[in-house]
Structure formats: structure tokens, C-alpha cells
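Enquirer: Sequences and hints are given; from them, build the entire structure.
So the sequence lines, in the order shown, correspond to chains U and H.
Each step along the first sequence adds one to the number in my numbering, with nothing skipped, and position 154 is 154.
Each step along the second sequence adds one to the number in my numbering, with nothing skipped, and position 76 is 76.
Any given hint could turn out to be false.
As the list claims (entries may be wrong) - A short list of chain H residues far from chain U (calculated; beta carbon distances all over 10 Å):
#, residue
1, 26
2, 33
3, 66
4, 87
5, 203
To be verified - Derived lysine-lysine pairs resembling DSSO-like cross-links, with alpha carbons at most 27 Å apart:
#, chain 1, residue 1, chain 2, residue 2
6, H, 56, H, 23
7, U, 187, H, 187
8, U, 66, H, 187
Claimed, not checked - Facing chain H, from chain U, some residues (calculated, C-beta under 8 Å):
#, residue
9, 41
10, 45
11, 130
12, 190
Bear in mind the hints are in silico, worked out from the structure with no lab data behind them.
No residue lacks a Cβ here, since even glycine has one placed at the ideal position from N, Cα and C.
There are 2 protein chains.
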Amino acid sequence: MGHASSIPAGAGRSDDESRSARKRRAIMEAATTLFLRNGYQGTSMDEIAAVAGVSKQTVYKNFADKERLFSDIILGVTESVNEFVHVMTLMLEDTDDLEKDLGELARRYITSVMQPQVLQLRRLLVGEAGRFPELARTYYERAPQRVLAALAPRLQRLAERGLLRLDDPLLAASHFAFLILGIPLDKAMFGANDDSFTAEELEHFADAGVRVFLAAYGQP
Amino acid sequence: MGHASSIPAGAGRSDDESRSARKRRAIMEAATTLFLRNGYQGTSMDEIAAVAGVSKQTVYKNFADKERLFSDIILGVTESVNEFVHVMTLMLEDTDDLEKDLGELARRYITSVMQPQVLQLRRLLVGEAGRFPELARTYYERAPQRVLAALAPRLQRLAERGLLRLDDPLLAASHFAFLILGIPLDKAMFGANDDSFTAEELEHFADAGVRVFLAAYGQP
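Expert: So, in C-alpha cells, the structure goes:
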């Protein structure tokens, strides 16, 4: 405490803040590792503190309980969705080469969903959906459904511009999504792909999905 | 023991057999209930014995350990796949109304995959895929992949008959599957549908999926 007085107040606060942010991040990383390795039930707050290299008290100061920590990790995954939705809107807004832009969008979509840690947390959450129905539902709304809900009016707009033919934009958005993601995502859920598709394989799924989507929904 | 001698040997054996089959079924049902309620790790062989109303010894006589019991339950789900594959082959073999027969097939497919207990066990297995990679992979091969592998040559045959256009039968089979199952299955994985689509909703997904599939892969 004596030393603190020699440090300018602003700098001290900033150091404290970054130290506390670092600790919080270390706790979340340790918890993610342990949840993925041993499951939610197989992980204790004691172990999380030990792996994070902080006291159990510090863990509880940051996260009221194990459920809250799990929830923060899972919902953290959905934070990148807003950015993806923004990019999607820009890409489709004034497209003058629909095949090219849908293809590019599809490749970004599959790459973002198929990140190994996103998949691993998705598996964990699916397995815990019975115990945490609210969390699973919130994740679904903020991630998969959010993308579909944002894509639907974009497709509708493309139909109004005469570039697509569709009556049900949300259904069309869902068909787009599952034509692209269905195969690798289902395989990954069972770990039947060793969690690693190559970039070329993912690109192939994306391109093939877009081809079928446009054959069905595009202008003849 | 004294009483047994008054029962004809054949009848006695048959009674024993059915009693032992009944016990085995009771153990599997109790274990399924407990695994779904409390997870794999949250379930003990003691509880399974108590819920099944048998001794722990009887549980171990039937199933070497908890892992074996879990595995038998999960792989039991895949037993209905052979029958589905057989029906599928018959339906598509000599079809002279492809739209009608694919529609009927799609409705059977979605109904069989979307059974509540099949979905619940699927969620449980996805959550445990990290701990039981072999089991998850075997399930994937015997259920989702088995259907795709059986559908692909059927679609190829339809292409040879001039009813479909495709170069990659397995890819076409996968597109068929995810156009139909993608939406409800993804929702169900997160419990975001309260595990209950109506028969009409499932039929709608099936019909819409077939429409898109035929628009892309059918003859113009």
C-alpha cells in the first residue's frame, strides 16, 4: 500500500484494471479448458482457480458461481455474430455479382462456424441443454437464429431486385445455411472428422451449397 | 429351488429367459432415464440398479460397466436405421412419380430422426463425444452416414434413369438430408423448440426441402 502512493493515481487504476482483466481472462481460459476436457459436472471451481493460478476467492469475485462462468463462456462465443451479420449486410446490400458474393459469404460463414473451439463449446452446450435450457435457447437465438433472421430480409431484398425467386425469406435463409453447413457441422458434432476439415474442403461445401441454392432460388 | 422341479424344464427355461430379458430391458430403461436426467457422469450404477429395481450385481451381470451400458443404449438407437434404409430403397427403386415418392421418403426421414428420445440421446452423445470418440464415431457411421451412403446410389440410379441431374451422388444425398432435417434438427439440438414440432411442421420442412432439392437436381 505504501508503494502505491508513489504511482500516479491514473496509472495505478489502469494497472489494476488490466491486472483484473488479465485475471478474469485467465479464469475464463482455464474454465474453458477444463469444461472441454472434463465436462461441466466434472469441473470444480477449485480446479479452475488452480489452473488459472488465482485464488478461489478471486474466481468467485469475478463469477458468482460455476453456472455463471459457464454461461459467460458460452455467450462469449456469440459476440462475433454481430460482426458477421454486419459484413453479410454490406456484402449483399448492393451486389452486382450475386453468385460471387453469395459464394464469398458462404465461405466466411462456414469458416466462422467451423472454428474448432466454437465447435467444441457447441458440443458441450448441446450436451448440457437439458440442464441449462435457458442458456441453450439464448445461445441459439444469439448465434444460429440471429444469422438466419438477418439473412432473411437481405434475401427478400434480392428477390425484390429480381435476383432471387422466393416466397418465404426465412425458409430460404435456412436452406442457404444448411446447404452450406449441414454436412461438416453434423460430422463435427460427432467428432467424426477429427475436428479438422481443410480450408479447401470447407470451400468445396460452401461452393456446392451456393450452387444448389442458386439453382433452386435464382432466376432461371 | 425345490419348487422349480415341479415346472417343466422347457417352460422353466423360457420363464428364466424372459425374466432375464425383462431385467435387461428394465436396466436399460432406468439407465436411459437417468443418463438423460443427470448426464453420464452424474449417473451411478447404484442408482441405475435402484431405479430398475434389481440388484447391483444383476446390473453388472448384464453390463460389464457403465460405459458398456451407455454404449448399448446409444447404439440401440441405430437399429431402426436398417429398416429405414430398406424402405428407402424400395420406395425409390422403381418410382414413376419422383416428386411424390421423394416427398413421402422425406416425411418418413424427418419423423424418424425427430423422435424426442432419439433427439435427447443424440444431444447426450454429442456432449460426450469428447470422452467417447469411438462411440460417437460409430453412431455417426451407423446412423446419419449410413442413410447418406444408402441414399447416394439410389439417387445415382435415378440420374441414370434421366430423372435427376447430378455428378456427385453423396453430395446430392447430403443436400437432400440437410434441406429436410437442417432446420428442426439444429433447433432441437439446443432445445429451442421445446422438443416438439407438430407433424404438420415437420411435413412442411420435408415438402419445402424436397421442392428445393428437385429445383436444383431435378430435370428442368
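Enquirer: What are the numbers of the hints the structure violates, in ascending order?
Expert: As far as the earlier hints go, only 10 is violated by this structure.
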